[in-house]
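Residue numbers (my numbering), protein chains in the order written: chain A, 245 to 737; chain B, 858 to 1291.
Don't read these hints as lab results, they were simulated from the structure.
Note that beta-carbon positions come from the ideal geometry of N, C-alpha and C, so glycine has one too.
All the given hints hold, so there is nothing to weed out.
What the simulated footprint calls covered on chain B by chain A, stretch by stretch (three residues with Cβ under 8 Å from a Cβ of chain A suffice, anywhere in the stretch; the number is not a length):
| no. | stretch |
| --- | --- |
| 1 | 932-938 |
| 2 | 1222-1236 |
| 3 | 1250-1261 |
When the alpha-carbon atoms are kept at most 30 Å apart in a straight line, the in silico DSSO-like pairs for lysine-lysine are as follows:
| no. | chain 1 | residue 1 | chain 2 | residue 2 |
| --- | --- | --- | --- | --- |
| 4 | B | Lys1074 | A | Lys522 |
| 5 | A | Lys379 | B | Lys922 |
| 6 | A | Lys709 | B | Lys1004 |
| 7 | B | Lys1252 | B | Lys1080 |
| 8 | A | Lys690 | A | Lys640 |
| 9 | B | Lys1085 | A | Lys684 |
Letter by letter, the chains look like this.
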Amino acid sequence: MRVDSNTQIIEFCHRLAKDNELYFIARIQSRQDLTVTINNGQTEDINTGALEGIGIQVFNQKGFMGFAAADQLSIEVTQELMNKAVFLAKQAEAYKGESNLEILKAPPLKKRLEIRADFPFDSLPLNETEERLRKLNQEVAAIDGQLSVRTLLRLTDEEWRIARSDGTDVVFNTPRSFVYHVITAKSGSRTTTTYANLPGTDLRVIIEAHYLDLLKKRAQKAAQLSLDLLTAEDLPAGNYKLVIDYALAKGLAHEAFGHAAETDAIESSILGENGRMKTGMIVANPKLSIIDGPIPGDYAYQPISAVGIERQTVKIVDHGLLKAGLADIFSATRAGVQYTGAERVENFYHLPIARMSNIRIEMDDPILMDLPPESIQPDHLYQTLLENGLAEPDEKILYLTGFQGGQVNPAFGDFVFHCSGIYQLGERPVLYKPAIFSGKVLSVLKSVTAALGPLQVDAMGTCGKMGQGVPSCGGSHLFLVIAANPEIMIGGK
Amino acid sequence: MELFQRLSDLLTDYSKSDADLQDWRFDLHEIRGLEIGLKDNRIGGPYTTPTYKRSTSGELYLIWKDQRFTSTKLDLKAIEAFHNKIGTWKATAYHDPNGAGLFAPQQIPEVLVEDNQVKAVIGEDIQKSFELLDQGLKRLLAMGLHKVDGKLKCYEDLRTIANSQGFLQRYCQTPVDFYFEVNDSYGSSYQEKKWPDQSAINRIIDQTGRFGKLLEKPAPVLKSGPMKLLFPPDILEAFLSHYLINNLYGSLVVNRQSRFTIEDFQNKLPVLRDDIQLQLNNLIPWRSFTYPCTNEGVPGGEIWLIKDGCLQTPILSVKYGQRIGWPPTPLPAGGRGVFLKTGNSLSWEELIKTIDRGLIVLSVLGLHTQDSTSGSFSLTADQSLLVENGQIIGKTKAVINGDFLNSLTLNDSQFGTVAGEDNPGLVMMATASF
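Full structure from sequences and hints, please.
Here it is, written out as structure tokens:
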């Protein structure tokens, strides 16, 4: 890998840190990106980019810290950054900043993890990549004359090397890719927008038949929804019995629980008390578990943490009980939980903070469903609910589909996420405009009563926290059933 | 030799050896800066470590024969390894029959965007940054607030915009950004291109403390139904950016991905109430959105996007200006620098006194998830203040639903001016569920 060539810089960091009686963490990143944008059949932009540099965080003997980063890799720049970081640590001490020496507890690690792409950047000539993407774009636009479609392909070839004073030296890569359709339907003064996407690790997302078929089905479903929404009405706001799809379930796990379980904010999190995580608390139905951890080939794959420790797969909720946090080295002890290697950074300019990777909700005894989610229509879903005693005839149940992002305030336990559309289920389902799903962290999971279908954990997104955006992913069984709850509100007129 | 000169020379020399390269332009930023944070009442901990950053970034745009174009991000390595990179850039060129050539501006305005105090803080006067955070921490704790977070960022950015036809614009800008947030409930921020004076620091600290205290007192639970929503200027700006400005970009208008069409602009379609104007202005000294020209060399300026409620022009890059045969426009920097102006308006405080019952919305969860083309919103207003009979009663939370763009067409909607703010506050009817 490209970062293998930076051994001299790492050795130089060791020498400088020893001379200054400091502990250091150095993060070297090398990233290459390709983005192709097709807009209504025409190439809008092909953009290439590269990012390479180093960030050095130092800890003096009292635990005061300084950090310096630059997009240059050389001995001279390393010297300059180390000097700056040392100076800033002294300033932090002089101004009575916060000290933290938990990093000294981290076990040393030497490891090399390389994912080799089957379809790397250069496996297709660029004009063929462009042509394939144009065809995908035109296929969606051809569904209906009211549609306009913007299609984006992004390939990221990212490598990391992380070293520490204790001899840790890890090298790994996190390749990723996605194709993303933004589908807008327009009729008179009404305009609606929906999305379809497909994540992966390389160019396979536009080469392999399986991926192309999947993307096509997702795009058809999103395009039809966008068209149908042109005549949809507002739903009355209220508390309803719900069925959500796996992408929204990812939003539920991520917004309702994942962020609140990140221990760097446990002092103010609804899942903490006096700075300690309230493990052992009942937070969900006893059949429900929430798991976060890296999955090879996943869009949010992160096998090694940003301080150079192997990331663990964590059962945050185990059969209804809060069991563990997503813990970074600096806050795990204070929060009273096991350290899990949850640190991530957007790039070498950033400081590590606790983050999710792939987060999913798993339920015991899910109802079997044979069809892939792209083929399941609301009427079929309704029949399955009836057949399995999960719905009474004439019962009012809403089916929320398509994840459009979410947000949480972990201190108050309020979270929201947004869907693409809402169906009132019945023999003839009625489509309503999308509305916000608003809930409370401590009560929502207790209302999840059943799951349908196998696990599907490829709902992708970008998660923003403290000014850093990192890839996120996750899901659940194809559908989750949520009982009506006064603390779960669906917005509307 | 300066970096921009090296890059110019490399491109000029290359174009002499390869006649396919017809023109070029670049936008180069050489940046260094400082960041310090405050979390859980502590300055400079593991998540807010005092930080120094240095970077070279920007974009390079190459115009090849036969309407082929290359767009690439610039970094130091790309310049140092120019001869290796140029082959890749040529190979990744794409055909765009609507692609734009270079823009030749008449004149670039001079604007103030540089402050030597900021440069000093990044260098020898670093104590000022610690003192600013320390001041906010101590004063907010003294007001009785239990948790204070914050961050200060200040940068020195040497920007060079140049092209193959001799255009060269080079200037230094010094953006400063700091905020305080209390009790995880309310925060306010400063974003300018100069170091804040004490009155600006006082304004941010006092506002944060005042609203933080108001949010400590709970209001009684209300019945769901129609309700007046009061959007202070920062919330109005967030809604304007998401629902209105996003729909004014030429690329979306031309590609039928906006709420508005080209014909709507050609016909100067009325879309807002006839006393509402929307102006873009990026020439105000030392503001965060101020700049002399865009990355394409289009001069900054003052333009009407909406006048007397009617659409005037989309926000146009050179390419989309050419597509519809209109001149390119300045661009909002980070969605800011857009001013909503109305005829009659009371002061915000006076307006609050006229409200029988309403919610002052201080924060919303989920705005970024909303479909900006639809104009309607469905959000959680997680930090809100109930107003009854003109008095602020206390904190509440609601799911709010309404149509923001439609509200700007209604006579019932009202605006209130706030001293020191670019935009007014808005009072509109919506529904709130508790």
